[in-house]
Amino acid sequence: MATGKNGETAINMPETKASVKGTAPLLNSSKAVSTVEHPNRGVKKGFAIGDFVLRLCALGAALGATVAMGNADQVLPFFTQFLQFEAQYDDFDTFRFFVMAMGMVSGYLFISLPFSIIGIIRPFATKPRLFLVIFDSMMAALTIAAGSASASMVYLAHNGNDDVNWLPFCQQFGDFCQSASGAVIGSLLAAALLLVIIILSAFALNRN
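Reading the sequence shown from the start, the letters are residues 1 to 208 in our numbering.
Hints are computed from structural coordinates only; laboratory data are not their basis.
Heads up, the beta-carbon is just placed ideally off N, CA and C, and yes, glycines get one too.
Ranges between beta-carbon positions, derived for each pair:
1. 148 with 203: 20 to 28 Å
2. 100 with 133: 20 to 28 Å
3. 94 with 196: 25 to 33 Å
4. 114 with 203: 16 to 24 Å
5. 110 with 175: 25 to 33 Å
6. 56 with 138: 14 to 22 Å
Please model the complete structure; the sequences and the hints are all you need to start from.
Written as structure tokens, this is what we have:
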């Protein structure tokens, strides 16, 4: 308590703990704002990690299919000096298209890995994810086209076609047909993984 020149009395009130504590929410306001701004960061990062893992699996399937079809080659043990029986993938235009298409898909999936890593580091970046969705759709269509066309050829090789007198030759060229069949299965697996990747990317973009 103090007395002024004019006889007026002034009372000095000390600061209480309540007034000091009242400033505490202001110090943590930035953290609260950041929490409100990015509530789905963990979910988006999970989508990005899943995209990267599935992309690696699709790359393995596509590359395996390319190598299996490219190595499809068999020579029958019985042959003469002037004639031998051999089956190669490049004897069929469909199989040559398969090798070129799956080679392109494998190269694209390898190049897309850095863009997928960007999605993990920056979960809210939409441009890299949109870029991947567009090209993933194109590569999925190419993979399905190559796999389905080659699947029809493998079916004819195993079963033939009595209507046009096409005889099955997988009984003689068993190793060749086994390699071709494995390549087709690998391509269809790669196509299925690409479709799952596209769906995950669509969900991630929708949550923006």
